[in-house]
Amino acid sequence: MARFLIRRGAQSLITLVVASIAIFGVIRLAPGDPVRAYAGFDATPAAIQTIRHQFGFDRPTVVQYLDWIGGLFRGNLGISITTHTSVWSVIRPAVTPTLMMMAGSIVVLLIVGFGIGVAAAATSSRKIDAILSGLAGLLTGAPVFWTGMLAILLFAVSVHLLPVGGYVSPATNLGDCIKSMLLPCSILGLALGGLLARFVRTAFLDALQADYVRLARAKGASNARVMTRHVTRNALIPVVTVFGVIVATLLGGSVVVETVFAWPGMGRVMMGSVSAEDYPVVQAVLLMYVTSFIVLNFLTDISYSVIDARIKQS
Amino acid sequence: MPPTRLTRSRQGLRPADGRLARVSAVACLVGVVGLALAAGAFGTSSAVRAANGTFVVGQTAPINNLLPFPFQQPNATWDRALFDSLIYWSNGQPAPELANRWKVSGGGTTYDFNIRPGVKFSDGHGLDSNSVVQMLKWASVPSHLVTGAGLLATATITRTGPYSLRLVFPSPAPQLLSLLAVIPIVDLASPDIHAPAGTGPFLVKSFSPLSGLDLVRNPKYWSKKWFPKISEYSIKVFPDNTSLVAALHAGQIDAVAYPAFSQVPQLKKAGMTVVTSPQPPGNFMLRVNVTTGPLANVYVRQAFSMAFDRALFVKLESGGLSTATCSAYPPGSSVYTKAADAGCKFDLAAAKALLAKGGYPNGFSLTLNASSERQPELTAFAPIYKQDLAKIGVDLTIQDNTTNLWLTNSIQRNYGVSADWYPWAVFDPALLFVSLTWWPQPNIQGFESATYGALVPAAQAETNSAKRLALYRQLNTYLEQQEFVIPVATRPYVFALSPKVHGFSIDPFGMASLSSVVVGG
Chain Z
1 MARFLIRRGA QSLITLVVAS IAIFGVIRLA PGDPVRAYAG FDATPAAIQT IRHQFGFDRP
61 TVVQYLDWIG GLFRGNLGIS ITTHTSVWSV IRPAVTPTLM MMAGSIVVLL IVGFGIGVAA
121 AATSSRKIDA ILSGLAGLLT GAPVFWTGML AILLFAVSVH LLPVGGYVSP ATNLGDCIKS
181 MLLPCSILGL ALGGLLARFV RTAFLDALQA DYVRLARAKG ASNARVMTRH VTRNALIPVV
241 TVFGVIVATL LGGSVVVETV FAWPGMGRVM MGSVSAEDYP VVQAVLLMYV TSFIVLNFLT
301 DISYSVIDAR IKQS
Chain L
1001 MPPTRLTRSR QGLRPADGRL ARVSAVACLV GVVGLALAAG AFGTSSAVRA ANGTFVVGQT
1061 APINNLLPFP FQQPNATWDR ALFDSLIYWS NGQPAPELAN RWKVSGGGTT YDFNIRPGVK
1121 FSDGHGLDSN SVVQMLKWAS VPSHLVTGAG LLATATITRT GPYSLRLVFP SPAPQLLSLL
1181 AVIPIVDLAS PDIHAPAGTG PFLVKSFSPL SGLDLVRNPK YWSKKWFPKI SEYSIKVFPD
1241 NTSLVAALHA GQIDAVAYPA FSQVPQLKKA GMTVVTSPQP PGNFMLRVNV TTGPLANVYV
1301 RQAFSMAFDR ALFVKLESGG LSTATCSAYP PGSSVYTKAA DAGCKFDLAA AKALLAKGGY
1361 PNGFSLTLNA SSERQPELTA FAPIYKQDLA KIGVDLTIQD NTTNLWLTNS IQRNYGVSAD
1421 WYPWAVFDPA LLFVSLTWWP QPNIQGFESA TYGALVPAAQ AETNSAKRLA LYRQLNTYLE
1481 QQEFVIPVAT RPYVFALSPK VHGFSIDPFG MASLSSVVVG G
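Protein sequences appear in the order of chains Z and L. Using the working numbering, the first residue of the first sequence is number 1, and each one after it goes up by one. Using the working numbering, the first residue of the second sequence is number 1001, and each one after it goes up by one.
There could be a bad hint or two in this list.
Sample of chain Z residues at the chain L side, in silico, Cβ under 8 Å [unchecked claim]: (1) Asp33; (2) Ala37; (3) Thr83; (4) Pro170; (5) Arg225; (6) Val269; (7) Gly272; (8) Ser275; (9) Glu277.
Residues from chain L that keep clear of chain Z, each with C-beta distances beyond 12 Å, as calculated [what the hints assert, rightly or not]: (10) Pro1094; (11) Asp1240; (12) Gly1363; (13) Ile1384; (14) Asn1404; (15) Thr1437; (16) Ala1450; (17) Asp1507.
Calculated directly from the structure, the hints in this document are not laboratory data. Even glycine gets a Cβ: it sits at the ideal position worked out from N, Cα and C.
Same shape as in the complex, but just chain Z (with noise of 0.2 Å):
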């Protein structure tokens, strides 16, 4: 196990060098000049070059790279060019809600992926399952722009139930907290819980024809004994390595669901800073989405390794 750690660990942190090189290379690509987009029209050239000095945009390429590697082992992630304060100070206020959002997330695409996921599983009836297995496609395939913008004139212009966008903090009032967060959870909960209805789905008919479930049920093992020690620990294996999988999708997908919901996390800071060629938060906000990547990637391997007692020993 400590090998399999070590060797994994290893290859995450390759994964993250490459990933900084190419984040940092990829945006200098980019056309435009951040600074000329900061300043506006009427900077004089002299102007420019003096805001370009400012934040060393005028040293050699490597030379800034090393420098921003430097510094975030420092713990320092740089300084935004658009409001001139550190870069973690932009990156803070979005962590917050962010992570209320993948956590609402989450709680709907759990109760959506097991609902219709285990419910056409385990049906007698081909229609039903037809129907379950055919929304979890419907949930899927639908674009989260599209149903979130439906989801908006619905909810929000017709009905006026609930707002059209924005975050409110659950220390400001937990009501409205709620009611912000259940239109862009919802929205990226069930695509993704489409999504896991059909890997639940195949895990637990898998499960159920077991021969191991026959044996039990065949030794008057308990239906509930069945389903929780047999049935479902079994089941479980290949939905936890989709889970990670689905979790960290959930983490992209969450930047488009940000930007249709005016919701202030992190996916809203990366868009608004590539608008605007915000470098260095650009360049951290990518890193700690591909960190949170990699991360998710070694606790699936991990918890898998945990749940199959077979990995561990091999």
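With chain Z held as given, fit chain L onto it using these hints.
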């Protein structure tokens, strides 16, 4: 224990577990219903908006920081809420604000200002001539991106008393008073220069570049006349105009700052109040890169102006808020005369003849640098312009760029024509030339000429008002002939308001005027 039923399915025989299916379905249903009930349990969406007494404005542009420089349209929603200027622009004339009086002498080269005593910044520091002198000197540094830094840098700025100061220019500076109306006075002694204290009618309650800005009324605001009626003022940032307008319809916000012009008819139809600046302060325009290719030829530029169907643009894209014009100074300016638009027409045959006269009878190819983000109206009209140009042999490639790429292309002159707009043409006529767009030396479009280089300073230096106006009209005619900027139609500042908002107005600089605003009632 009941025997397990085996049913036939696509996967073959499978054990049906009816109870499990029912439990799962019910759990799923309970979850969904729970979410729906949670929505209803907390009342309607108006609970998410602020309470009465708060005026909530939505805008699409983020508020990056609270330093009001460079002055840009998105700042205009909060600029005058947090800061005051020395001068206030009222009914086309400069009026006292932080400067309670001033005197112009020396043939327009010397300006003496008296600062209103007893005014304090929101951080408690007193406003005096020292703070204003320091502020104006700071503003004259180009890298601080204050509008008119070039003009201020030519001045000698001195303190003449505890509440008085003097600016002396080497030549007359008649645009100074209108310029000072858009230079907010900030406290340079503030701990964070990117969130400086001001003397304005509101104080910062909370600020997030993503969510927006929440302000509360400044109980110690110095002006009784401009003391706000609303207790709080919020600016919410939305990702796009569509969700912004949806939020207005949903009652989540009270006003939309600068909606797309194409949304105006729908907003009016939905019962919203559309407020515009009293005089459109500038125009939609096409910048023309005069440095290379056929557009270096003045006849070709005139052909491009003549091939633009201004009347159709106004009809399709301006929401009924614009007037077609070919004049650099729009109809609201004292420089404007009807004669300036007498020859302003859409005539493809004449345009074709001008192309031939310029040496391009068979046309040529070029690019239009456009941006739906920055200039949606002209970008939306671009395909029609392309079709019209094709009729005279010009092949126009439309590039719909991001704002930044559009800006970079514009600065680097990486375009043939570029879609844009300009403000500040209805104040002192000299103010127009503060912008690098109209700069008499090689400007952003690359245009320069001895005539232009002589006319601009001569008009600025003229002290006789009648002669001065005549010189600016001559300059306007010259600009219309040269067409390095092609004016298309007037462009006002626009706000859309919920019917329950009263007393709101926009000044000619596009800044929201909040002192009389009442929400509801």
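Cross-check of the supplied hints:
1. Asp33: holds, 5 Å
2. Ala37: Where the cut-off is 8 Å and the nearest Cβ of chain L is about 4 Å from Z/Ala37, the hint holds.
3. Thr83: holds, 5 Å
4. Pro170: Violated, because the Cβ-Cβ distance from Z/Pro170 to chain L comes to roughly 12 Å (cut-off 8 Å).
5. Arg225: violated, 11 Å
6. Val269: Status holds, d = 6 Å.
7. Gly272: holds, 5 Å
8. Ser275: Holds. Min distance 7 Å.
9. Glu277: With a minimum Cβ separation of about 5 Å from chain L (threshold 8 Å), the hint on Z/Glu277 holds.
10. Pro1094: The assertion about L/Pro1094 holds, with a minimum of 22 Å to chain Z.
11. Asp1240: violated, 8 Å
12. Gly1363: At about 28 Å from chain Z, L/Gly1363 clears the 12 Å cut-off, so the statement holds.
13. Ile1384: holds, 26 Å
14. Asn1404: It is violated; L/Asn1404 is separated from chain Z by about 4 Å at its closest Cβ, not greater than 12 Å.
15. Thr1437: L/Thr1437 not clear of chain Z: closest Cβ-Cβ about 7 Å, inside 12 Å.
16. Ala1450: Non-interface label stands for L/Ala1450: nearest chain Z Cβ at 23 Å, farther than 12 Å.
17. Asp1507: The claim holds: L/Asp1507 sits with its nearest Cβ about 20 Å from chain Z, beyond 12 Å.
Hints 4, 5, 11, 14, 15 from the earlier list are contradicted by this structure; the remaining hints agree with it.
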